[in-house]
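Participant: Chains as they are written, first to last, in this note's numbering: chain A, 1 to 334; chain B, 335 to 625.
Take every hint as true, because none was put in to throw you off.
Covered, in the sense of this in silico footprint (three residues per stretch, anywhere, with C-beta under 8 Å from a C-beta of chain B), are these stretches of chain A: (1) 118 to 125; (2) 144 to 153; (3) 184 to 196.
Some chain A residues well away from chain B (every beta-carbon gap over 12 Å; in silico): (4) Arg53; (5) Val54; (6) Val57; (7) Gln70; (8) Asp88; (9) Arg94; (10) Tyr98; (11) Asp128; (12) Val172; (13) Asp174; (14) Glu263; (15) Gly265; (16) Val273; (17) Gln276; (18) Arg331.
Honestly, the hints are just simulated from the structure, not real lab data. From the three backbone atoms N, C-alpha and C, an ideal C-beta is built for every residue, glycine too.
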Amino acid sequence: MATAPGHTFLPHVPHGARPRAVLVGVLALLLVAPAAAVLLIGDDDRAPPPSVRVEEVAVGSLPTDIAIAQGRAWVPSAGSDRLIAIDDRADPAREATYRSRSGALRVASDGLTIWLAGALGNSLTSVDPLFGREATRHSIPIGRDTVDIAVGRDAAWVTNGAAGTVTRVDPVSDRALGPPIRTGRFPTALAVGRHDVWVVNSGDGTLARIDPRENLVVGRRVLVGRDPQDIAVGFGSVWVANRGDGTLSRIDERTGRPQASIEIGGAPSALAVTVQALIVLDSERARVIRLDPKTRRVTDVVRVGGFPTALAVGDGGSLWTVDARRGLVTRVSR
Amino acid sequence: MDGSTKSMRDCRWMAGVAAIAAIAGCGGSSDGTAQRAAAAAPVGRLDLSVVAVTARIGGDREISSGVVVDTDRGLILTTAHGVWGATSLKVATGIAVLHGRIVARDACDDLAVLETQPRLPGLVAVPPSADGTLLAGRPIVAVRRKAGLPRGGQPDLVTTRVAVGAGAVKRLPRLAGSKDAVALEAPALPAAASGAPLLGEDGRLAGLAQLVRLGGRTTRAAVPWETITARLSELQPGGRAQYVGWRRHYRCSEALHAYASARHPGFRRGDAQLNAPVPATRLPGTQDVDR
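This is chain B alone, in the form it adopts within the complex (with noise of 0.2 Å):
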């Protein structure tokens, strides 16, 4: 590589990132008004597209980030291990903070899909990037939101230059990890990102965030974006509440139970039920109510 490339790629890298940054909200854009108005709309849109999610999982309180993949049936993806065993589920968005309740689970590749309560409008979904945008050396940035009520006016959004390593892909600790999770070297990028959407320079997504915190360690990887289209491919609305097709993935589960272990020392693993049975209750006077 000599040195105008490289300098040219610095270039675009650097006008990438700023106009991300713009779209963010984050303050990178310098050039006056007709790039902020410019920008003003995708603001808005990114406002309402990531979300914070706050999960009590073992009366331990764990922050997670997500990303709005369905409007119309208020569905949220966010990484598994953040919500696994969680007795409360908490989506900070850009209009309320909501209740969550998990609808389906990837454990081997560590994803799982939220629905707000109560169902409101308001929510939009970020389009996905066209192209396989995780390559090394590739423009993105990682979006996620601070946790809590939405201050108005100002958008809640933190965005982090982030990039994907050449290297080999490091598995996540004690978790099985997608098999086409890539390395993301962000040393600057919290646990709490986990689960934030991967925007390319398109500002389109390229990917989710996937931050493992044990033993004091952080450990970065990333799934594409083609690889979740996918795996939501195979979901579909199930005959009751649930979201049925992701199965074959339930194998996983053991992995996701010792994190959870390690991590929270409260952790139940009857709290990781989707479906925990509830006995019916024999009172004087009552035994035929249900005959």
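If we strip away everything but chain A, and leave its shape as in the complex, we get (with noise of 0.2 Å):
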């Protein structure tokens, strides 16, 4: 029978027993104890990891893309044009569902709003749902296509495609702010890191930093893996995943200098950053990877099936990712 370690062990005496038996016994307990101790601790290093829970929930046609804000997974259905809430409680189940009008299919939030940005027209979409299933929506003009989109402390960044630019947009005025600055060939994802605001060009595979004091590129454009196609700030560095040749990109933060390529495999597309791990999205394997960034191996592995394309991290750190083919919506929780 296996003993936790740490319980006290008390041994039963029979009563009656002579003492020098008591003292054998006592003794060899003293020797067997602590080898006994370390093998079960080393048995509790080996220990498989806590089971998985993984949840499904159906969405509509084509969900494109997520983000959590409010207790909610906010899903764009780019085949309804329609923005789902997803209640991240113990059982997951749609809340609410809004009309997008946008053709949105990349959803960003910075806590309160939730920002939509979409093929159709050439605008950003702010949505504040605290006003129910009549959600307050703003449209803001760009000028220029909507790729991808991230929220700062004190602005919404858009990347804008075919341009190859980037827009800075204020949330107060919902205006855009200054020119649009140009990055590469086709910006396809950006992230708001500590300092500057980076992005990925997937057009010509290379990283772009953006000064948001001055609104310009700053530094040459740093080369990335093939097909790079989402961007993640974290842990002192960026990290970009390249969906045509299986790695990562590891960019220190602070000098904008190339670390380190991970081979991953398979095809990242998605990247999400915990307290303790940066999480990555293979789509071609379905899997969700989690990987220490200390020590740049993986740690974990979860399949979620399917096509996912899309991942985010909830409030209580379950990992949620998107199934566009077959209209889900997958909560990684243990």
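Put the complex together from the two separate chains, hints included.
Facilitator: Below is the structure:
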């Protein structure tokens, strides 16, 4: 019988046993206990990870992205042109549906406002869901395509696709601030870092750095892997998912220098950062990978099935993925 | 050609067109539920194969058509002149309006390959025809999509009956054009159908429509799918994010520059570069960031 380490072991001494036998028994116990404790602790190290709970919620036709805000997961459904809210509770379920009216493909949030970017029209949409089903909706004219969106403390940033630019939007006045910033060929994704805004250009495989104080690209652009699709900032580094060659590029956030190229395999297409790890979504093999940023090693892999295309981390540390083909959102929790 | 043969050919022609029209969902079928049911699956396939491409070139809006050629990579074939110098590309599919980016251009054959962004599953490629269907007299239908969001339920496809001309091939104005291109007799086919797939009577791809509108006149031609297959087989993923293999066709780029300048006064040559340079900016205090 295995005994958990730390439990007090009290040997039962039969009544009338000789004191010498008791002494031998106690000595034997003192000799064996440390070894047993080491073995038990070792067993714990090799113990399988706690069981994973995978739950699926149907969200309709062609969900394309996901963001977390106000205890809910927000999913744009491109097929029905709606924004769907899923309650992040013990039993996740659809809670509300809002009309998008923008052909939304991407969603981002600053925790309160939901920002939508799509291919229909040249505008950005902000939705404030505090007003229930009749959510306040603002359409902000950009004048250029809105491919991806990221929200910082004082601005929302939009990539402009074929124009090769990034536009800064003021969330207070709902206006574009300054001229579009040229970053490279077809900027696909962007992330707001501690000091800078980082943009990955999937058309030429480069990473550009924007100084938000000047709204300009600073420094030379850094080459990343083939067909870069997503970007995340965390652990003092900028991480880029390269779908074309199955790698992650790691760039120092302070110096902008490449640090490493990490082989993941498959088609890494989305990234997220938690307190302890970098999360990578492999669309090709339908798996969510947890990567230790210190050792650069994969520590956990969870298969979610289907063809997942987007990833987000919930408030409680749960992972959310979006399967566009099956019209499902999957929550992975422990 | 005697009368009975001509009559039989006419019957076959009409039957072929009716079948393709039924496949494309344009209301050509008239004999009941069974035929509509039989055509239901192909309708869905075509709806997910034919796209409308809206490009903003020099401030003007240019609408053309395209067809899915690779579902895994989300690749779409269209005509190069419809997207040359585009600063915005929107691809209307049967499931959503997506962004597009040019990944390969063949200026000599007037072909361009677009990649949809985001790359989503669900698009379908139409299989090519096994034989050379682009022959004079054979039934051919051009299928194009209306631009904008899919309305749901009814496919937004428009079909037009076309024919291959028996006369000399007309050169596309200001463009080099494919040497294998044939003249297309389709007065009703608008310029927005440039890049539309041409389907044979078996419902398979027979070619691609190329329509050039310049100076109030529209010139119509078609490239056989055999030529397109040969061109596509030359492409392979490049070291970065483009597809390589069409370098030798860049020699015809000047013709497309000239065409775009004539059609869109606001066109800039820099917008037609696939890799525009982005000079590093030196701000006070940032001189060391790329050393």
